[in-house]
Amino acid sequence: MIRRIALHLLLIVLAAVAVVPFIWLICAAFKTPQDLLGSTLLPWRHLDRLTLNNFRALRDQPFAHWLINSIFLSSLHTVLVVTLSSMGGFALAKYEFPGKRPIMIIMLGTILLPSQVLVPGSYELMYHLHWIDSYLAIIVPGAISVFGIILFRQSMLNVPDELLQCGRLDGCSELRLWWDIALPSVRPMIGAYTLLAFLAEWNSFLWPQIILQNEAKYTLPIGLNSLTGLPEYQHNYGIVMAATLVSILPVALLFFALQKDFISGLSSGAVKG
Amino acid sequence: MQCNSYRICHPSPPTRQCPDPVQFSLGKPILVLLFAAAISAIAVWKQPPLPRADLVLWSFDETHARTFRDRLPDGHGRIMPSLVNQFERRLGLRVRISLIGEMGENIRLASAFMAQAGPQSPDLCEIEIHSIGQFLRPPNDDIGLLPLNDFLRQSGWGGRIMASRFAPWSKIDPRTGRRIIYGIPADVHPVTITYRKDLFDEAGINLDQAKTWREFQDMCLAFQKYWATHGHRDRKAIALSTGGPDEIVEMLLQRHINLIDHAQKLHFTDPELLDTAIFYAQLIAGPRAIGADVSPGIGWTEDLARGNVCAVCTPDWKAAYLRQFSPQLAGKVRMMPMPKFESSDAPTSTSGGTMIGICRSCPHPRQAWKLLEFLYLSPEAAKARLAAGDDVLPAIPEYWNQPIYHQRDPFFADGAGGQRIGNLYINLAEQIPERFVTPYTYQAELALVAVLHRAEEYIADHGTAEGLTQPCAAWLAEAQDDMQRRIDFGKFEP
Amino acid sequence: MNRDRWWKLQTRAAPYLFISPFVVIFCVFLLYPLSRSLFLSFHKTVGPRHIVFVGWSNYRFLLGHDLVFGLALLNTAAYTVAFLALQIPMSLGLALLLNSRHVRFRNLFRFSFFSSYLVGQVFVGVIFFQLFGPDGLINHIVSILAGHRIVIPWLSSPNLAMPSVLIASLWLATGYGMVYFLAALQAVDPELYEAAEMDGAGTRAQFLHITLPGIRPMLAYVVLVGAIGGFQLFELPFVLLQGAGPDARGITIVMYLFLMGFSTGDLGYASAIGWLLVAILLLLSLIRFRFFRFRPEIGT
Numbered sequence: 082m083i084r085r086i087a088l089h090l091l092l093i094v095l096a097a098v099a100v101v102p103f104i105w106l107i108c109a110a111f112k113t114p115q116d117l118l119g120s121t122l123l124p125w126r127h128l129d130r131l132t133l134n135n136f137r138a139l140r141d142q143p144f145a146h147w148l149i150n151s152i153f154l155s156s157l158h159t160v161l162v163v164t165l166s167s168m169g170g171f172a173l174a175k176y177e178f179p180g181k182r183p184i185m186i187i188m189l190g191t192i193l194l195p196s197q198v199l200v201p202g203s204y205e206l207m208y209h210l211h212w213i214d215s216y217l218a219i220i221v222p223g224a225i226s227v228f229g230i231i232l233f234r235q236s237m238l239n240v241p242d243e244l245l246q247c248g249r250l251d252g253c254s255e256l257r258l259w260w261d262i263a264l265p266s267v268r269p270m271i272g273a274y275t276l277l278a279f280l281a282e283w284n285s286f287l288w289p290q291i292i293l294q295n296e297a298k299y300t301l302p303i304g305l306n307s308l309t310g311l312p313e314y315q316h317n318y319g320i321v322m323a324a325t326l327v328s329i330l331p332v333a334l335l336f337f338a339l340q341k342d343f344i345s346g347l348s349s350g351a352v353k354g
Numbered sequence: 013m014q015c016n017s018y019r020i021c022h023p024s025p026p027t028r029q030c031p032d033p034v035q036f037s038l039g040k041p042i043l044v045l046l047f048a049a050a051i052s053a054i055a056v057w058k059q060p061p062l063p064r065a066d067l068v069l070w071s072f073d074e075t076h077a078r079t080f081r082d083r084l085p086d087g088h089g090r091i092m093p094s095l096v097n098q099f100e101r102r103l104g105l106r107v108r109i110s111l112i113g114e115m116g117e118n119i120r121l122a123s124a125f126m127a128q129a130g131p132q133s134p135d136l137c138e139i140e141i142h143s144i145g146q147f148l149r150p151p152n153d154d155i156g157l158l159p160l161n162d163f164l165r166q167s168g169w170g171g172r173i174m175a176s177r178f179a180p181w182s183k184i185d186p187r188t189g190r191r192i193i194y195g196i197p198a199d200v201h202p203v204t205i206t207y208r209k210d211l212f213d214e215a216g217i218n219l220d221q222a223k224t225w226r227e228f229q230d231m232c233l234a235f236q237k238y239w240a241t242h243g244h245r246d247r248k249a250i251a252l253s254t255g256g257p258d259e260i261v262e263m264l265l266q267r268h269i270n271l272i273d274h275a276q277k278l279h280f281t282d283p284e285l286l287d288t289a290i291f292y293a294q295l296i297a298g299p300r301a302i303g304a305d306v307s308p309g310i311g312w313t314e315d316l317a318r319g320n321v322c323a324v325c326t327p328d329w330k331a332a333y334l335r336q337f338s339p340q341l342a343g344k345v346r347m348m349p350m351p352k353f354e355s356s357d358a359p360t361s362t363s364g365g366t367m368i369g370i371c372r373s374c375p376h377p378r379q380a381w382k383l384l385e386f387l388y389l390s391p392e393a394a395k396a397r398l399a400a401g402d403d404v405l406p407a408i409p410e411y412w413n414q415p416i417y418h419q420r421d422p423f424f425a426d427g428a429g430g431q432r433i434g435n436l437y438i439n440l441a442e443q444i445p446e447r448f449v450t451p452y453t454y455q456a457e458l459a460l461v462a463v464l465h466r467a468e469e470y471i472a473d474h475g476t477a478e479g480l481t482q483p484c485a486a487w488l489a490e491a492q493d494d495m496q497r498r499i500d501f502g503k504f505e506p
Numbered sequence: 156m157n158r159d160r161w162w163k164l165q166t167r168a169a170p171y172l173f174i175s176p177f178v179v180i181f182c183v184f185l186l187y188p189l190s191r192s193l194f195l196s197f198h199k200t201v202g203p204r205h206i207v208f209v210g211w212s213n214y215r216f217l218l219g220h221d222l223v224f225g226l227a228l229l230n231t232a233a234y235t236v237a238f239l240a241l242q243i244p245m246s247l248g249l250a251l252l253l254n255s256r257h258v259r260f261r262n263l264f265r266f267s268f269f270s271s272y273l274v275g276q277v278f279v280g281v282i283f284f285q286l287f288g289p290d291g292l293i294n295h296i297v298s299i300l301a302g303h304r305i306v307i308p309w310l311s312s313p314n315l316a317m318p319s320v321l322i323a324s325l326w327l328a329t330g331y332g333m334v335y336f337l338a339a340l341q342a343v344d345p346e347l348y349e350a351a352e353m354d355g356a357g358t359r360a361q362f363l364h365i366t367l368p369g370i371r372p373m374l375a376y377v378v379l380v381g382a383i384g385g386f387q388l389f390e391l392p393f394v395l396l397q398g399a400g401p402d403a404r405g406i407t408i409v410m411y412l413f414l415m416g417f418s419t420g421d422l423g424y425a426s427a428i429g430w431l432l433v434a435i436l437l438l439l440s441l442i443r444f445r446f447f448r449f450r451p452e453i454g455t
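Chains as they are written, first to last, in the numbering used here: chain G, 82 to 354; chain A, 13 to 506; chain Z, 156 to 455.
By construction, these hints were calculated from the structure, which means they are not laboratory data.
Hints may be right or wrong, so weigh each one.
DSS-like, lysine-lysine: derived pairs with alpha carbons at most 25 Å apart [claimed, not checked]:
1. A:395 - A:382
2. A:382 - A:237
3. A:237 - A:223
4. Z:163 - G:341
5. A:223 - A:382
6. G:341 - A:40
For the chain A half of the interface with chain G, some residues (derived, Cβ under 10 Å), not all of them [stated by the list, open to error]:
7. 31
8. 35
9. 40
10. 41
11. 44
12. 47
13. 108
14. 111
15. 117
Listing some non-contacts, in silico: residues in chain A with all C-beta distances to chain Z over 10 Å [stated by the list, open to error]:
16. 164
17. 166
18. 454
19. 479
Note that CB positions come from ideal geometry on N, CA and C, so glycine has one too.
Just need the whole structure built from these sequences, with the hints factored in.
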């Protein structure tokens, strides 16, 4: 019994450490700029003078647009990248075909490359495709992920060949083998990677900022950044905090609502390396 | 049955029929996201496309974008049409102002200027002083911005804008020795020192009388001594960064030293720089320290209000923040010119700044110049700036006669209805030193800060700055050599 | 007969169809920019009309003369090692705690630990920028613990710059690692533990011989993600330290690449930095993959 209480106390303390910056963020979002400055000392000072002004100020910005854009891009990105990565991973794990080795080698070489190296070349390419200020420039290159494909290949190696073979004898096409046999057996990988891919796109910063020009097309991080401006000129922290809070909510909801699927998937088999 | 290659296993098609799929194999999360994407796609689809525009301006500065795009009060209770609107009506051209994060704008411009292809860059752009260096790196004929000398001469604006403010945005033509100007300055940004008059008064010190930095330091030490015995042992006299270059660069500018000048010459081994570095190091370390770091962002206003630090170097854009974020300081602070090292120094410095320029690829530079003139130089622009609440001093002296720059400001105490800080800034603006920016300036500042750190450590170890001259000179020489190597390596010899 | 041909065709073409979207997008949107940056890394350039082939000179200067690159490399490597050395045990420890049969409200705890990961790097930078201030929350807590006012110059002292970044990123990533470990732990067959208990194996032995092998694939995954993230660290320190930080001690390789490319404007040199990083990582990964080799046979 004592051990059990001690365990919970320890967990509560650790959880408190984990969420303190979060609480600070929530407090900050409801404060006037003056109080916010005072609260660099204490998050809980002036709690009697909370304000919704920061959230009201967001209404003056095309904030709703940014939110919807972010939801659209992140969702579509995740669906595409998970589908294509699992397909590619299936091909690389379960088939022998000429060209497989070179593909694998090039992939492994590029997984480590920092994306910043690609920026000038990519921008030029997008210009020639007339994709500047178009979501295509974000969705199409983002539809594949070397990292994702490698993950799916690794976990699909575990799909027993016998199972596929039986499927073939049952008359299933290769596409159906992928859909009905391979995918269900790597559910854990899908759950884990979905979360990873969604968050990465949701918080993606550099590339959308380079590509998007129309303010109505901005995503949340880009929009927020255009509000903050230069660090030395930064003065509307409260708004930024409010916006950050609002921008975290959808992902938090997604995670909370689906955490069973994300994690039960994970725990049913773990990522089988 | 074990098989590794499908070819061996099915030479012929099976006879049975595959059962219908029973599940969504990608799982519920993906299904949910698929719905989310479909629904949001409708909203995204319905968004209006970007209207076509004859002239496009990229800006990173939210205040400027507001000044250009917003309908603003004209001071007589009416709302004026926005600057852009007025311009569009006059010339029948459509204009678009795009507000872009600074990092994003810089990367886009760098990529666009690099990639010959023209139309991907805007017609005009605003650039911040810390970012201009990289764009001036190419030889003059390959810089992505258009030289503005001819426009300035023809329009007569050349003589009406403060000459010293062209410095950051211009380059010397190596053949003719002529200064080629690539940007029009928005501001002057002279620097003063704002201090807590109430606290200094209480300590019996009149900081206004400090004309040299040494006097300033002595007074501040006396000030700290007073407060140490009155319950504020941590109280520091002035905000000076220990990890950043801001204040020491301002002091060097006072002495007319740029770390790298417009001829790409390095000045690390300048004896005055050595002197300044050692002086600065003992301002922030050792027994005679009077400076401390402030909180990040605009936290300095709070630090000043609490009396953690009691003076701050204030370019004009910082003064506005003080009023906005520490209203409780009204009547308790006062502004003074910066103390000097020698009589030939400037009593002020300059910090920050923004320019507007025309891109070389712009197909209609004349129209672009017209827009630039209207947004930056015209009387309408001067009015709109004030209406947008931007009381930073413009770089055009003839607009300085606006009453707002001369009225008493009760926020700043002088015993009689408030100090005329506008007058002070204007007075100092005429004396601001020239500041140059090169592609290597940021790296040079980092190198200088590294030397400062070693000097600080020396003072902390020895308890005094004595004997620091020799080693510090050696460190600076080292830094100069390294920077020189970098500049030589990066230099372009076609 | 027709069906026969279709069947043969589809079995033969299947892998190509599966992989083709990837290959097409990869070639157009990755290989082109990639080759462009490789091209640039052997050139000196300042503008469209000034591009000169300089051979290996960018790489030579980087390796021979550039102290900042050395510092960035050292910083990045030290950060990555420290990050993994701290994140893995912390995440695993948390997961072990939460995995205990006695824990109530597991979902809530799991969510609170994980929540920090929902905040992007940029915003973690913004938040910790405030928390680390001279009068910020962290100094305040330290002061309370010490009993008198202490001002630790988290962000302005060269020696603390990288540790500050590390603290912020651990806050960001510990819960994330925990979720993955927790999932792996729950997948370990409970019968194994029962059998071990019957054999009289202690907690330690159980951990070493059952738990660790059981979560090994997940361990490899978390290490790989962490290592890649560590070597590509950029946004967090860039926002937190407002650039390279005091004395440039917060500089990372990707930040240096970024500064050379987009603040100094030397795209050729920046590209060379990127490719050198790839070369170094490839070398490292040869070693790393030996240690943490993906082992498909485990867990089947």
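Right, here's what the structure says about each hint:
no.	hint	result
1	A:395 - A:382	holds (18 Å)
2	A:382 - A:237	violated (58 Å)
3	A:237 - A:223	holds (21 Å)
4	Z:163 - G:341	violated (41 Å)
5	A:223 - A:382	violated (45 Å)
6	G:341 - A:40	holds (10 Å)
7	31	holds (7 Å)
8	35	holds (7 Å)
9	40	holds (5 Å)
10	41	holds (5 Å)
11	44	holds (7 Å)
12	47	holds (8 Å)
13	108	holds (9 Å)
14	111	holds (5 Å)
15	117	holds (9 Å)
16	164	holds (23 Å)
17	166	holds (27 Å)
18	454	violated (6 Å)
19	479	holds (22 Å)
When each numbered hint is compared with the structure, violations occur for hints 2, 4, 5 and 18.
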